[in-house]
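Trainee: Quick note: the sequence shown uses our numbering, first residue 385, plus one each step.
One or more of the hints may lead you astray.
Label pairs and their calculated CB-CB ranges [as the list claims (entries may be wrong)]:
| no. | residue 1 | residue 2 | range |
| --- | --- | --- | --- |
| 1 | Ala534 | Arg425 | 17 to 27 Å |
| 2 | Arg439 | Glu478 | 30 to 40 Å |
| 3 | Pro537 | Gly457 | 35 to 45 Å |
| 4 | Trp496 | Ala561 | 27 to 37 Å |
| 5 | Asp541 | Trp496 | 40 to 50 Å |
| 6 | Gly468 | Lys429 | 17 to 27 Å |
Please keep in mind that the hints were generated in silico from the structure rather than gathered at the bench.
Keep in mind it's a predicted model, so treat the numbers as computed, not measured.
Glycine included, every Cβ here is placed at the ideal spot set by N, Cα and C.
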Amino acid sequence: MRLPSFVLVAAAALGLTAPAEARYRDTSQPIGVVVNLDLARYLGKWYEIARFPNRFERGCEGVTAEYAMRTDGKISVVNTCHKGSPDGPVEVAEGVASVVAPGKLEVSFVPWLPFAKGDYWVLYVDPAYSVAVVGNPKGRTGWILARDPALAPAKYDKAVSVLQTMGYDTSQLQMVAQ
385 MRLPSFVLVA
395 AAALGLTAPA
405 EARYRDTSQP
415 IGVVVNLDLA
425 RYLGKWYEIA
435 RFPNRFERGC
445 EGVTAEYAMR
455 TDGKISVVNT
465 CHKGSPDGPV
475 EVAEGVASVV
485 APGKLEVSFV
495 PWLPFAKGDY
505 WVLYVDPAYS
515 VAVVGNPKGR
525 TGWILARDPA
535 LAPAKYDKAV
545 SVLQTMGYDT
555 SQLQMVAQ
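Build out the structure end to end from the sequences listed, making use of the hints.
Mentor: Okay, structure coming up:
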């Protein structure tokens, strides 16, 4: 069975090759999560507005993530990437997430490898659940997500501020074409 490179490198970024990934966060800074996360409101489609560079999204534009509750209580994750441009060829990575603590999830894109799970922490969500900031404690990943493909400058600035407060070097943040 041949897996798309997007799936393989997504798994790598979530932990299999973690030592090779860059760190974008000063881990001596405290990091917090949304402890009162309303998972039902968080589920659904999100557009990737900005991200820290990572191997599994190299060349990806028009990126979306869709989360849905499964009957077993876990969350299905479907990440879609358009290679080269928002209209480029589509690559899809499907995974499964589990809530491990309020605001903290573990995600796997290779469920047959039980140790291949990565931290997916919701660091911020606005009251309307229209903007979210996601990262992990080691600072190897980070995203600004929105319910719409465009984000108002004030909301983007708030999301960047959250990352900065938690020790992220936001000069490395890359905008994603939608």
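Trainee: Taking each numbered hint in turn, which are not upheld by the structure, reported in ascending numerical order?
Mentor: Going through the list in order, the structure violates hint 2 alone and respects the others.
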